[in-house]
Structure formats: C-alpha cells, structure tokens
Amino acid sequence: MLAAGVLLAWLAERAGASRGLARDLALIAVGQLIISTISLEADIGVGNMLLMGGVLAAAVAVPYLVSRFAFGQTTIRFPWRGSRWTPLQWAYLVLVALAGWLILPFYFITSGVYENWPTVVEWHEIARLFVGVNAVGIWDELFFVCTVFALLRRHFPTWLANLLQAIVFVSFLWELGYQSWGPLLTIPFALLQGYTFRLTKSLGYVITVHLLFDLVVFLVIVYAHTGVPAVFLVPPA
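Taking the numbering used here, I'd label the letters of the sequence shown as residues 1 to 237.
I should point out that these hints are in silico values taken from the structure, not numbers from a laboratory.
Quantities reported herein were computed from a predicted structural model and do not represent experimental measurements.
Idealized CB from N, CA, C, for every residue including glycine.
Possibly wrong hints are sitting among the right ones.
Computed spacing ranges between beta-carbons, pair by pair [said to hold, decoys possible]:
no. : residue 1 : residue 2 : range
1   : ILE138    : THR110    : 25 to 33 Å
2   : GLY54     : LEU233    : 16 to 24 Å
3   : ALA97     : ALA57     : 22 to 30 Å
4   : TRP101    : PRO157    : 39 to 47 Å
Please construct the entire structure, taking both the sequences and the accompanying hints into account.
Structural data, given as structure tokens:
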C-alpha cells in the first residue's frame, strides 16, 4: 500500500501535481516501513524497549538524513523554541492537564483499554512504564509533526496536511493500544498538536503539551490496574 501511494503520487506529479510530492511521500513511507518491522504492543521488558526505541529513532533519523543530505532539503526540522510562551499558552497547558484528568480515566477504565498495557507493581516496572509512555510521546512529535506534517505541508493546504498527519498518527496510536472509542480522543488531539505547532513553531511547546497529557495517561494506567494513586473521579477497574 505504501508503494502504491508513492506510485500514485509520482503519476500525479507527472501530470502536473506539486513538484517533489512522490519524493516526500517516499520519505514518509520509509519511516512507516521502518516502524512496521516491530510489534507496537505495549511490552515494557528492557529488551523490547531498547528494540522499539532503536526502531522508532531510525524512523525519524532515516527520513531526516535522506532529506537533508541526499535531497538537500531543510523541510524536516526540529525547532525547539519559537517565541516566548504567552499567558494563553500557559493557560492551555493547564487546560490540557485538566482535560486529561477528567477524560482519560473514563476512557481507559470504562473501555477496558488499560488492559492493553501491562500491570505494574514493582518500582522498576512503574519506572519503565513511565519512561516508555513519555519516550513514545516525544517521538510522536518528532515523527508525526516535525516529519510527516512538515513534508505534507509542502504540497497540500495546511488544514489537509494536518488532517492527513492526524490519520497516520491515530493509526499508530491504535496499534499502540488506544483502541475502542479512542480515536474520538486521539483524532482531535493529533489535529490540535499539528495546529499548535503551526502557530508556535516550537517543538518544545508541543512536546510539553504531549508530556502533560502522557503524565496523566501513565497515572491512569497505574491507577486502573492497582487503584493507586487515588486522584481520579472514576473508580478503578
């Protein structure tokens, strides 16, 4: 399917579509192909975490290196800071944390998707879950926003590029475990992250937003399995 998409883009380009479309879609396809070499099941064993970390890192690094040094492009960038955060941006962080606290326990517990993550009891298991959840959250922004969204924006209107990256983003999260009615949450989140990056031009800010959300995800998963920490309105499973 990835090859078919790149081929269609090449044919469209030959017919007068945006120049470089097939090349940029091929970069995205390469990243997705690298991801497809592993299972995305939430396994926090040390070996699997190292394997998954290496593969996900390659899925970002390979498109970046090919784009920069083979094609001479600077489309894929990782701008850590834009302008100084405004009071509205700080307020948005508070809103994200509050929304996560209200919505995520209901989603994870009532849908049962918390079972897609392992039960963690020992401190080292909890620590690995924390690292895994947050590392994937950082990677999400590097790949879906700084890579996929950036490449698509060269050829499509921003709204369409954002929608397309959200589709790719949500399909990844589905495989990771955000199933059941999870897309009702992950689609708006992906769209907001793309839009926020466009406005702020700050990777640091969108990562901060994502890590706040993922902190709540981590706490909810632990809470759903163990009943601790008892800081949510929904009772544990």
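Results of checking the hints against the structure:
1. ILE138 with THR110: 25 to 33 Å: Since ILE138 and THR110 have Cβ atoms about 28 Å apart, the given range 25 to 33 Å holds.
2. GLY54 with LEU233: 16 to 24 Å: violated (39 Å)
3. ALA97 with ALA57: 22 to 30 Å: holds (28 Å)
4. TRP101 with PRO157: 39 to 47 Å: violated (34 Å)
Of the numbered hints listed earlier, those contradicted by the structure are 2, 4.
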